[in-house]
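Residues per chain, in single letters:
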Amino acid sequence: MMELVCPAGTPAALRAAVDAGAHTVYCGFADETNARNFPGLNFSREELAEGVAYAGARGAKVLVAINTFPRAGDQALWHRAVADARQAGAHAVILADLGLIAHAAETHPDLRLHLSVQAAAANPDAINFYAETFGIRRVVLPRVLSVEEITAINRQIDIETEVFVFGGLCVMAEGRCSLSSYATGLSPNMNGVCSPASHVAYSEVAGNNEARLGGFLIHRTPKGAPLPYPTLCKGCFTSPSGGGQAQTGHIFEDPVSLDATELIPKLQAAGVRALKIEGRQRSRAYVAQVVRAFRAAVEAAEVGEPMPAGLLSKLTEGQAATTGAYAKTWR
Amino acid sequence: MDLTIGPVAFFWSAEQVRDFYRMIAAAPVARVVIGEWVCSKRLPFWQHEIPGAAECLIAAGKEVALSTLTLVTLKRERRQTEDLFASGLPVEIADLTALRYLPQGQPFWVGPTVNVYNEGTLEWLARRGATRICLPPELPLASVETLARAGEAAGVAVEVWGHGRAPLAISGRCYHARLHDRAKDSCQFVCGEDPDGRPVETLDGRAFLTVNGVQTLGHAHMTAAGQIGDLDRAGVSALRLSPQIGDFGAIAGFYAGLLGGQAPGDAVAKLRDLLPGAEFARGFLDGTAGAEPCL
Chain A
1 MMELVCPAGT PAALRAAVDA GAHTVYCGFA DETNARNFPG LNFSREELAE GVAYAGARGA
61 KVLVAINTFP RAGDQALWHR AVADARQAGA HAVILADLGL IAHAAETHPD LRLHLSVQAA
121 AANPDAINFY AETFGIRRVV LPRVLSVEEI TAINRQIDIE TEVFVFGGLC VMAEGRCSLS
181 SYATGLSPNM NGVCSPASHV AYSEVAGNNE ARLGGFLIHR TPKGAPLPYP TLCKGCFTSP
241 SGGGQAQTGH IFEDPVSLDA TELIPKLQAA GVRALKIEGR QRSRAYVAQV VRAFRAAVEA
301 AEVGEPMPAG LLSKLTEGQA ATTGAYAKTW R
Chain B
1001 MDLTIGPVAF FWSAEQVRDF YRMIAAAPVA RVVIGEWVCS KRLPFWQHEI PGAAECLIAA
1061 GKEVALSTLT LVTLKRERRQ TEDLFASGLP VEIADLTALR YLPQGQPFWV GPTVNVYNEG
1121 TLEWLARRGA TRICLPPELP LASVETLARA GEAAGVAVEV WGHGRAPLAI SGRCYHARLH
1181 DRAKDSCQFV CGEDPDGRPV ETLDGRAFLT VNGVQTLGHA HMTAAGQIGD LDRAGVSALR
1241 LSPQIGDFGA IAGFYAGLLG GQAPGDAVAK LRDLLPGAEF ARGFLDGTAG AEPCL
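These protein sequences, in sequence, are chains A and B.
Each residue of the first sequence is one higher than the one before, counting from 1 in this note's numbering.
Each residue of the second sequence is one higher than the one before, counting from 1001 in this note's numbering.
Just to be clear, a hint being listed does not mean it is correct.
[What the hints assert, rightly or not] Pairs of lysine-lysine residues, derived as PhoX-like cross-links and limited to a Cα-Cα distance of at most 25 Å, are as follows: (1) 1062/B - 1041/B; (2) 1075/B - 266/A; (3) 1041/B - 328/A; (4) 1075/B - 328/A; (5) 266/A - 223/A.
No wet-lab data here; the hints were simulated from the structure.
For clarity, every value in this text was computed on a predicted model and none was experimentally measured.
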């Protein structure tokens, strides 16, 4: 059966995910070493050890994401996170930074290393480079690849692949995007945040609701209509054109989330080892519901049954979903 | 400090490329990085200009390196990346993929789209043969200082983004094609219509970003003109200037003057004369939002 890798932003979410059928749970420490560095989220060292014990007693594994890029002069914080994750009994750490990976491989040769999506290894050469140089055991594939490309990659590499199937969707190559810091000064790579709430402002102007990020208008909707969170790359903008008509709309991506449920059998045939659900910032109830649905889906895929339909309609209600780059036409 | 001209980000005609490098051959810059940086589909239209441009620049006393793509995915792109190492010129890697093809012991440069955020990464790349690294534009001055020191110790020249629209993101999706209701595979090379990129504004009319095929850049021209003293004291060895349409030789000349000790005075006012209508940002060095305008 394909492995289901589920998010946990809190110890309660970790237990909920395990109880709902997660094979594996991933989480991070409560600091800037992980890419979901949100207030009130993430694990202390003690909580991680307890989480590992809880999961282990129920046959599940815990991965620790240490997937921001260490700040120059401050690498010790990241080095300590790797050592502490190992100490707590994590099954693996998920890393993105070349220097941190080199450090982990050298200092903890027995520690299993996964390559974070933030490392943006998008072809067999990059993946084989990490595998051969550092003994990386699994790569989380960037969301820029089609199913056909994933199939081809799996034929040319010897390590496991993990892909995102549900939740937030980056339209840019992850780990290589400074849009958020361009507008706010805070970025996923350096601060573990994208389009941070601290820089969001809502206002009502002439019968419209407006959402701004770092002062830049990202969404404007008529009063009464839903106003999406101002994630920069999902914003509504105008592009003037010298020769032609100005275009107004979601120039990068609509405010959609990823739902690749229907592609699970294809991803399985493509040789994908694990399916990942985004959402460490989500509630325990959300996590439980999504995990339960996806556990049913991977079990169905395992015996060649069709994907259960409408499992997640409640969660995506009012919000459009896409299969993203997995379908080549998305590009 | 001296000056490096980065690879052209935009889709220029062969003629534009030829004229540009002729102009740069006469400009006061120490080195030039040439190559298709953004989209491999553009390369057949201008790659025949590369040998001549390199020859002309080398004859003018410049160092020349060839750049890889920023995002390598296709088989064709992987082969092109591999071929660069056999060119006899130094290679600047814009994607870590290139390391798989790097011949043992061959020195290389690292471009600003590779994530070098800390000493650990810089030192690892140096051990592998990196001799020159242009840091990601996103870094604040404190990181630049630490990395320049680490570079000095490791024998790596450290460069900083000095001028131009900063590369902010790269995607599998082509936004130029999307703006024309096309997919990437049937783009019909529409990015060629916008040799300085296509502007993206907020709904209230504020210039914000620039779309360039699969790449997204800032709208404002980042300039380190006001921070040259800080960068010099930090041990930074070069400023990178990113090509654009217009009199780029004059822009290079302006920065060469600043490096030569010319008092910056109102540097931005002079830049405004060279690039009428452009907006300028101080960039990320202050640790603020990259779009923060120069006053």
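Here is what the structure says about each hint:
Using a Cα cut-off of 25 Å, the hinted pair residue 1062/B and residue 1041/B is violated, with the two alpha carbons roughly 28 Å apart. For a cut-off of 25 Å, the pair hint linking residue 1075/B to residue 266/A stands: about 22 Å separates their Cα positions. At roughly 16 Å between alpha-carbon atoms, residue 1041/B and residue 328/A fall within 25 Å of each other, so this suggested pair holds. Only pairs whose Cα atoms come within 25 Å are accepted, and residue 1075/B paired with residue 328/A is accepted, the gap being roughly 16 Å.
Proposed proximity of residue 266/A and residue 223/A is contradicted: the alpha carbons are some 42 Å apart, above 25 Å.
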